[in-house]
Structure formats: C-alpha cells, structure tokens
Amino acid sequence: DTEVTQTPKHLVMGMTNKKSLKCEQHMGHRAMYWYKQKAKKPPELMFVYSYEKLSINESVPSRFSPECPNSSLLNLHLHALQPEDSALYLCASSQDSRGPATNEKLFFGSGTQLSVL
Amino acid sequence: AQKITQTQPGMFVQEKEAVTLDCTYDTSDQSYGLFWYKQPSSGEMIFLIYQGSYDEQNATEGRYSLNFQKARKSANLVISASQLGDSAMYFCAMKSPNAGGTSYGKLTFGQGTILTVHP
Numbered sequence: 708d709t710e711v712t713q714t715p716k717h718l719v720m721g722m723t724n725k726k727s728l729k730c731e732q733h734m735g736h737r738a739m740y741w742y743k744q745k746a747k748k749p750p751e752l753m754f755v756y757s758y759e760k761l762s763i764n765e766s767v768p769s770r771f772s773p774e775c776p777n778s779s780l781l782n783l784h785l786h787a788l789q790p791e792d793s794a795l796y797l798c799a800s801s802q803d804s805r806g807p808a809t810n811e812k813l814f815f816g817s818g819t820q821l822s823v824l
Numbered sequence: 780a781q782k783i784t785q786t787q788p789g790m791f792v793q794e795k796e797a798v799t800l801d802c803t804y805d806t807s808d809q810s811y812g813l814f815w816y817k818q819p820s821s822g823e824m825i826f827l828i829y830q831g832s833y834d835e836q837n838a839t840e841g842r843y844s845l846n847f848q849k850a851r852k853s854a855n856l857v858i859s860a861s862q863l864g865d866s867a868m869y870f871c872a873m874k875s876p877n878a879g880g881t882s883y884g885k886l887t888f889g890q891g892t893i894l895t896v897h898p
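One line per chain: the protein sequences are A and B, in this order.
Residues 708 to 824 in our numbering are what the first sequence spells out, letter by letter.
Residues 780 to 898 in our numbering are what the second sequence spells out, letter by letter.
Chain A on its own, in the form it takes in the complex (with noise of 0.2 Å):
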C-alpha cells in the first residue's frame, strides 16, 4: 500500500467555523507533512512531525493547529480561517530514516481544495 488518504477532498466553510483536515498513511512511515498550495505554484511546507513529534513549524499561523495522534494520522484543525486561506492542502509521508536521507522520496496525497468565504 503506497497510498496516503486524505478526507475530504473538498470543504467549503465559514470564517467563523472549525474543521479538520485528515491523513492517513500505512506505509510505515515516521514523517508526515502538510503543505499549502496555491493555484498553479509549488507547495508551501507548513508543518512537520517526525516521529509523532512536531519537528518544523514554518511560522504559520495559529488558526492552524495540526496534531499528530499516531504513527499513520495526521490532522490539520482550522479555525476563523481567512478567505486568504483557500488553496490546497497537501498532507505527504517519508519514511524518515533519521540519517542522511537525501534520497527519501515524499509520498503525496490529493490533496483537499479548501475554500473559505
């Protein structure tokens, strides 16, 4: 299985509203990322967990609170999220071999297509 799940894969909401984007791989992998990304432009790492830890937070804002329950989930909670917001979001795995991994590929979900008015 060389999958990574993401639900859902589109969420409309409010600015007042709270959601929570999922991910889920079973690959085994010890690394789960999100990224944002806006129409026609690369991906914009947010977050990291390795490990179940978070490793890297790339200064997003804090209407934006991923959490990391196990080795194979990885959520994003949104709250009073901005129209500014919409875009992509892309949930990834690696495995996360804790050495000079230059060569880990990034396993890609499809992404949800967020949209907030």
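Do not rely on the hints blindly, as some may be mistaken.
Claimed, not checked - Calculated lysine-lysine pairs in the DSS-like style (CA-CA distance at most 25 Å, straight line):
hint: 1; chain 1: A; residue 1: Lys745; chain 2: B; residue 2: Lys782
hint: 2; chain 1: A; residue 1: Lys745; chain 2: A; residue 2: Lys716
hint: 3; chain 1: A; residue 1: Lys812; chain 2: B; residue 2: Lys849
hint: 4; chain 1: A; residue 1: Lys747; chain 2: B; residue 2: Lys782
hint: 5; chain 1: A; residue 1: Lys812; chain 2: A; residue 2: Lys748
hint: 6; chain 1: B; residue 1: Lys782; chain 2: A; residue 2: Lys748
No lab work stands behind these hints: they were computed from the structure.
In this text, all values refer to a predicted model and were calculated from it rather than measured experimentally.
Given chain A, put chain B in place with the hints provided.
Chain B alone, transformed into the frame defined by chain A:
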C-alpha cells in the same frame, strides 16, 4: 540558500514525441537529492524520478529520464514518447542537508512547468 529554477512556465509537445523540461538548482551542499514530481489536475503530487548528487549515471524510470549535468547544476527531465495523460504540472525539487528539516533536509520546489500534450 537552496534554490530551484524552472524557466519554462508552459511547454507544448505532440503526442509520441519527446520533450525536455528544464531545471537548474543552486546549493552549497555536496550531498543532495533531486526529484521530479507530476501534478495532474486532480491535485495529487506523483513522484517520477530521483537523482542523487553522487550518482554517476543518469536516472531512468520507464519513459522518464533525468539529464543530470552536475557542473552546470542542471537536472532536466526528459519524457519520451509523450502521451495525452502526460499533460500536467511538473515540479523539480531538491533535498539538501543545510535546508533543515527532518530526514536531513527539506524539499525545495521550483515554480513548475505546465506540459500540454497535443494529439
């Protein structure tokens, strides 16, 4: 600082012909990895091919090959015998130790090239 440059915003190719997508990179690290990803309109980022900085031979994966010229810091993707399903956005990316992050380096993406395959 790590940087990836893709100078072709869009490329067109006739079905069954070959096409080259350009990628140049900049890093002060000796050890790094170069990746190409394909992103169809469905949104998923699909891994295509990998080249390590110490690999002496150019990487190949089916119809994909990577033209790696280390001295010129270029890692162009060659797609042979293009198919209609190859129409997508293509991203070149690099992982190097000093970019920080887990697994010895964060993935830095170029701006992407939109490839359109004509029948």
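Tested hints:
1. Annotation: proposed proximity of lysine 745 (chain A) to lysine 782 (chain B) holds, straight-line Cα distance about 19 Å (limit 25 Å).
2. Straight-line distance between C-alpha atoms of lysine 745 (chain A) and lysine 716 (chain A) comes to about 16 Å, which keeps the hinted pair within the 25 Å bound.
3. Annotation: proposed proximity of lysine 812 (chain A) to lysine 849 (chain B) holds, straight-line Cα distance about 20 Å (limit 25 Å).
4. Of the pairs offered as hints, the one joining lysine 747 (chain A) and lysine 782 (chain B) holds, with about 18 Å between alpha carbons and a cut-off of 25 Å not exceeded.
5. Only pairs whose Cα atoms come within 25 Å are accepted, and lysine 812 (chain A) paired with lysine 748 (chain A) is accepted, the gap being roughly 20 Å.
6. Proposed proximity of lysine 782 (chain B) and lysine 748 (chain A) is supported: the alpha carbons are some 15 Å apart, at most 25 Å.
Of the numbered hints stated above, none is contradicted by the structure.
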